[in-house]
Amino acid sequence: MNLIKTLLAGAAVATGLAGAAIAQDKLKIGFIYIGPPGDMGWTYEHDQGRKAIEEALGDKVETTYVENVPESADSERVMTQMALSGHKLIFATSFNYMDHVMNVAKKFPDVKFEHATGFKRADNVSTYSARFYEGRAVIGHIAGHMTKTNTIGYIASYPIPEVIRGINSAYLAAKAVNPEVKFKVVWAYTWFDPGKEADAANALIEQGADVIMQHTDSTAPMSEMKKHEGIIGFGQASDMGQFAPKPRVSSIIDNWAPYYVARAQAMLDGTWESTDTWHGIKEGMVEIGEMTEAVPAEVRASAQELAEKLASGEVHAFTGPINKQDGSAWLAEGETADDGTLAGMDFYVEGIEAEIPN
Amino acid sequence: MLRLEARPEPSRAMVMLTPIIAVIATMIAGGILFAFLGNNPFTAIRIIFWDPLFNDMVASYTRPQLLVKAAPLILMAIGLSFGFRANVWNIGAEGQFIMGAVIGGGTALALYPLESPLVFPLIIIMGGLGGFLWAMIPAILKIRFNANEILVSLMLVYVAAQFLAAMVTGPMKSPVGMGFPVSRNFNEYQSAFNAELLSNTGLHFGVLVMMAVVIVGYIFLTRHIFGFQIRVSGQSARASKFAGVNPHTTVALCLGISGALAGLAGLFEVTGPAGKLSTNFPLGYGFTAIIVAFLGRLHPIGILLAGLLMALTYIGGELAQFQMSIPAAAIQVFQGMLLFFLLGVDILVNFRLRWDSKSKEAH
Chain A
1 MNLIKTLLAG AAVATGLAGA AIAQDKLKIG FIYIGPPGDM GWTYEHDQGR KAIEEALGDK
61 VETTYVENVP ESADSERVMT QMALSGHKLI FATSFNYMDH VMNVAKKFPD VKFEHATGFK
121 RADNVSTYSA RFYEGRAVIG HIAGHMTKTN TIGYIASYPI PEVIRGINSA YLAAKAVNPE
181 VKFKVVWAYT WFDPGKEADA ANALIEQGAD VIMQHTDSTA PMSEMKKHEG IIGFGQASDM
241 GQFAPKPRVS SIIDNWAPYY VARAQAMLDG TWESTDTWHG IKEGMVEIGE MTEAVPAEVR
301 ASAQELAEKL ASGEVHAFTG PINKQDGSAW LAEGETADDG TLAGMDFYVE GIEAEIPN
Chain B
1 MLRLEARPEP SRAMVMLTPI IAVIATMIAG GILFAFLGNN PFTAIRIIFW DPLFNDMVAS
61 YTRPQLLVKA APLILMAIGL SFGFRANVWN IGAEGQFIMG AVIGGGTALA LYPLESPLVF
121 PLIIIMGGLG GFLWAMIPAI LKIRFNANEI LVSLMLVYVA AQFLAAMVTG PMKSPVGMGF
181 PVSRNFNEYQ SAFNAELLSN TGLHFGVLVM MAVVIVGYIF LTRHIFGFQI RVSGQSARAS
241 KFAGVNPHTT VALCLGISGA LAGLAGLFEV TGPAGKLSTN FPLGYGFTAI IVAFLGRLHP
301 IGILLAGLLM ALTYIGGELA QFQMSIPAAA IQVFQGMLLF FLLGVDILVN FRLRWDSKSK
361 EAH
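Sequence order for the protein chains is A and B.
So in my numbering, spot 257 of the first sequence is number 257, and the numbers just go up one at a time.
So in my numbering, spot 84 of the second sequence is number 84, and the numbers just go up one at a time.
FYI, nobody ran anything at the bench for these hints, they're computed from the structure.
Cβ coordinates follow ideal geometry from the N, Cα and C atoms, glycine included.
Warning: the hint list may mix true and false statements.
Facing chain B, from chain A, some residues (calculated, C-beta under 8 Å) [what the hints assert, rightly or not]:
#1 V66
#2 N68
#3 P70
#4 E71
#5 Y158
#6 I160
#7 P258
#8 D346
Restricting the straight-line Cα-Cα distance to at most 20 Å, the calculated cross-link-like pairs of lysine to any residue (SDA-like) are [to be verified]:
#9 A:K28 to B:D56
#10 A:K107 to B:S325
#11 A:K107 to B:E196
#12 A:K88 to B:N55
#13 A:K26 to B:S325
#14 A:K107 to B:S199
#15 A:K106 to B:S325
#16 A:K196 to B:V159
#17 A:K28 to B:M324
#18 A:K28 to B:L198
#19 A:K106 to B:L203
#20 A:K51 to B:M324
Here chain B stands alone, though its shape is the one from the complex:
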């Protein structure tokens, strides 16, 4: 019988190396997959990982686009990582992302066509608040009734999606949208539009906020008492009580912070790159962010790198699709492999495989 046995002290070096090993394993297994589909695996891997960064023709455009694509993922993943460290499992960032976009974007639509420098800060606050309040529902139910936050936050994703659909087919529907369930385009509203800060870079305000959150998140995690508290809560509930940590506060803070950051991500996305609210607005970023959080080892710097890596596979995947006719489904399998290998390697780092012989059992 094969058995997993916990390693008493997992190697620190291996913990750090895990993501790199996972990426290499993904390249190998993905390469085999592409070869079976009749594509040159080396070209495919080069197009996915190299071309978006260094190809003469496209890289000047795709490099900044990596930040644009990664910004919401990183922003959400950092929020989630605090909770995941403290054993508070917010699986519903997608819902908080939607609510941030609806509440913040809805505020902008309500103010249209008022032009004022106060509009943008206001809708940022409303976006963060939308996500925060949505995350407070599982927080309060957890604190008051000990309801499982995994289920509650996940279910609220679907409620949020229905709320969005009701809004864009009703009060927020664009008067010039030809009947489509889409809101007014935010680029028609200067005060609310999350525009490119430098032309042709794609960089928008949300990218700056993301970078600030990476730095602040790093300081919180490593230098601040809050970082210590969540780490203790995650390791042992009893120990954290001795350390004076109130578990209810931890739950509220972790869900609140991750909700607010998801809400901000939704607001920046809807007023910028997406451009409008529609039923097609949610693309699963909130779920991808969970992968990014783990891929980044629940560490802000790691998450920054992981988010960029995910964005690279998206953008490189698009290039591979039209340059090599690799089907979209194969690209998704490729992305899925990344998480699979990460978790697989993780297990081997923390556990060792033991072979129990039958004779042992006979004793």
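Bound conformation, chain A alone:
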């Protein structure tokens, strides 16, 4: 009898210990967001990626997040608190967290960091971004076909290479199908500010733009477009499908889920390494949202074809001959842009009648 009791007790202790060991082994993954997951744009998609990790890896992981983290000392503090409380993988999902990520990474060599859209790396800091410009080429193609005023409005965030690249890519694709097309660019100097974004959309509409693209994350421009007849736009970062079929006629979706799941899996397998990832339509990090009936069937077909060719590598969004805005030669006939130039792009291509603020 006593023996049985002892055995049972021992088994209980063992299972208890095993349970504790499993709890301990759970990989804790933290996310810091620049906006709220409810922005239905940039942060929303990162949060979808976080949920995808939980779905794919279930009990083996635990994910946490803090929203609305300013790109200041606050971000450094939040990441430090995460590292101290047992997080082993931390995703920082905005460009200007960069220096703060590097500071925290230095203090916690055992913790791995993933920084979206940045360019500073370390042994425990990876960077990743998407080739959004491929998506821009597709919506630029649609825009060039669709505009009746030949004026395309562009709500830009900050004059950084990523944004300038998007403007160039969209312009080249629009111009290829409509040589008359003109771009008007408004710099909002924000990623997420519904008020400012709405103002920018209205300013562009007043200037005659009937197609509007945005590189800001809220749906506010969509709401403004909806108030006007005949104005169309494209979902940014997220599908923004609630505005389909018009004004939203298609969208560029950032799909972080496959990358996030792969990185979390690499942590579990012990194969995580510092890398620099730049994925496009091919890998599925950039997706083109459903094109609605508002777009003529033949335009839908040609846009779809362009997307497929960009994915297969048959077409590059930047294929010569392309001159820079000042008229100097950039790419010769048939030449395609290299990633290094694209990553640091700080000039407009020829034909854009605007200036990059500096």
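Given chain A's structure and the hints, the job is docking chain B onto it.
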């Protein structure tokens, strides 16, 4: 009809107890809010108020961080409290904070890469001066034209924010910032960097200045003629004239001191924890400082405690967010409750509720 009737002599004990009652009421109401959101209210309150101070894993880091987060709030709140006591309402500390950072930080950027021990003292002076001069605008308009300092100082916050935006998209933009509207990082400039004084404590020069200001503020308020003067000005303008207080001097001093302290707070913040000037630099510290000033009963020691309490709710709030998935908005509501209950309890301490019956009116 419910009516408020002023108590002839509010209980001193109650005046002191008000903040504590407000904190307890916030915990209760906040707990209910968290419970409705599906979280365990006791765990949430423990994480917000206890863990940043005593949790094994994070507290050694978060304790000093409380001082870092609270330092600018306390520095500004003490400056504001003098004015609030004297009925001089500087609502624009946020703008003076920005101007201190821009003028002081801009001076450093102009001197870069000159390495000299004189750089840091110089930019401190320039930071204080930036805030001081910005606060002198409402002061002069008040003295000369009797313009309302509440409106003028508040409006100047937005002017300061635009000035900052113009600077970081123009002359102060970093040459290595990839086009982002941010200045050069101050940690690349040894002479101007407001570094940690002891490693891994987060303590920087601004924290020391804050502590000195608490002590000096206490002496001024309780032992110095200036403290007496502002208290008299606040109680009765006529009485203060008899006491020989020049109301114009009071206005200029109150706005000047609060502006200079806000400017210093901005300078220490930008060259230290924030690290760079950017359009995202202002986070509303100047407005939070108003809450801190009142939460601290406009008394330097009270403000010190109130600032630390505010910092605790920020840092604990972050912990609660990622440990319990409490949304950021709920944490902000929680912080808002603190001021709401403070003001509510305040009213009940100074007034009593009276029920006027209809029959009385009939007489």
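Hints and how they fare:
{"no.": "1", "hint": "V66", "in the structure": "5 Å, holds"}
{"no.": "2", "hint": "N68", "in the structure": "5 Å, holds"}
{"no.": "3", "hint": "P70", "in the structure": "6 Å, holds"}
{"no.": "4", "hint": "E71", "in the structure": "5 Å, holds"}
{"no.": "5", "hint": "Y158", "in the structure": "6 Å, holds"}
{"no.": "6", "hint": "I160", "in the structure": "4 Å, holds"}
{"no.": "7", "hint": "P258", "in the structure": "24 Å, violated"}
{"no.": "8", "hint": "D346", "in the structure": "6 Å, holds"}
{"no.": "9", "hint": "A:K28 to B:D56", "in the structure": "18 Å, holds"}
{"no.": "10", "hint": "A:K107 to B:S325", "in the structure": "26 Å, violated"}
{"no.": "11", "hint": "A:K107 to B:E196", "in the structure": "14 Å, holds"}
{"no.": "12", "hint": "A:K88 to B:N55", "in the structure": "19 Å, holds"}
{"no.": "13", "hint": "A:K26 to B:S325", "in the structure": "18 Å, holds"}
{"no.": "14", "hint": "A:K107 to B:S199", "in the structure": "11 Å, holds"}
{"no.": "15", "hint": "A:K106 to B:S325", "in the structure": "27 Å, violated"}
{"no.": "16", "hint": "A:K196 to B:V159", "in the structure": "17 Å, holds"}
{"no.": "17", "hint": "A:K28 to B:M324", "in the structure": "13 Å, holds"}
{"no.": "18", "hint": "A:K28 to B:L198", "in the structure": "30 Å, violated"}
{"no.": "19", "hint": "A:K106 to B:L203", "in the structure": "19 Å, holds"}
{"no.": "20", "hint": "A:K51 to B:M324", "in the structure": "16 Å, holds"}
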